[in-house]
Amino acid sequence: MPIVAETLAIASLRLLTDMANWREIRHRQIDRLTRAARPALRLPFHSTIHDPMKVLLLPVWLLVIPVAFVGCGGGDLPTTVPVTGTVTLDGNPVDGATVNFMSDTENRLASGKTDASGKFTLQTIVGSQTAPGAVVGGHGVAVLKSESGGQMTEDPKAIMEQMTTNPAITSDYTPKYIIPAKYNNPTMSGIRVEVTQDGPNDITIELTSR
1025 MPIVAETLAI ASLRLLTDMA NWREIRHRQI DRLTRAARPA LRLPFHSTIH DPMKVLLLPV
1085 WLLVIPVAFV GCGGGDLPTT VPVTGTVTLD GNPVDGATVN FMSDTENRLA SGKTDASGKF
1145 TLQTIVGSQT APGAVVGGHG VAVLKSESGG QMTEDPKAIM EQMTTNPAIT SDYTPKYIIP
1205 AKYNNPTMSG IRVEVTQDGP NDITIELTSR
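Position in the sequence shown counted from 1, then plus 1024, gives you the numbering used here.
Keep in mind the hints are simulated off the structure, nothing from the lab.
No incorrect hints appear here.
Taking lysine-lysine pairs in the DSSO-like style, the calculated list, with each CA pair at most 27 Å apart, reads:
1) K1206 / K1143
2) K1200 / K1137
3) K1206 / K1137
4) K1143 / K1200
Working from the sequences, and respecting the hints, build out all of it.
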């Protein structure tokens, strides 16, 4: 039994010695790597790394920084300027109308909705994000407002005419247009505006029911 105990003690001592030597070798390797690193990265690592596991965590820490900056980015939002305006129909303000500005030079749509006084404020739509105002340059303008509860029609010609002016209509239910359908398309409405860099861009859109 004493021989067995002595053997175990020697084995344990060797194991502890090997572990100590391994830690010393690892620390020396880490120090050499740290000294070879750039000065900007040397200070925090040299003063804090005393555990080899921290070396394994280092690449993860370096990856977190660029991901954080990317996550805070604003995406591809365009440069815009403030745009407001008023919509009237036969001289009267229109409430609840949608106003769309389509840029001539950029694939950008700015949209707003009128209040009870006919006033609107535009926002440029970029995916799920919005930027206040509209891009500078020429725009075609569309103004839309219709109500449900229109009259039913069985006339195929009338149905085709409605689907041509508003492709979203796929049934024989004809909507009641508060604003004439001719103003629904920014390329065919005949309304053109110029948004300027210096402004003010306060635009009056006068529509007629005829």
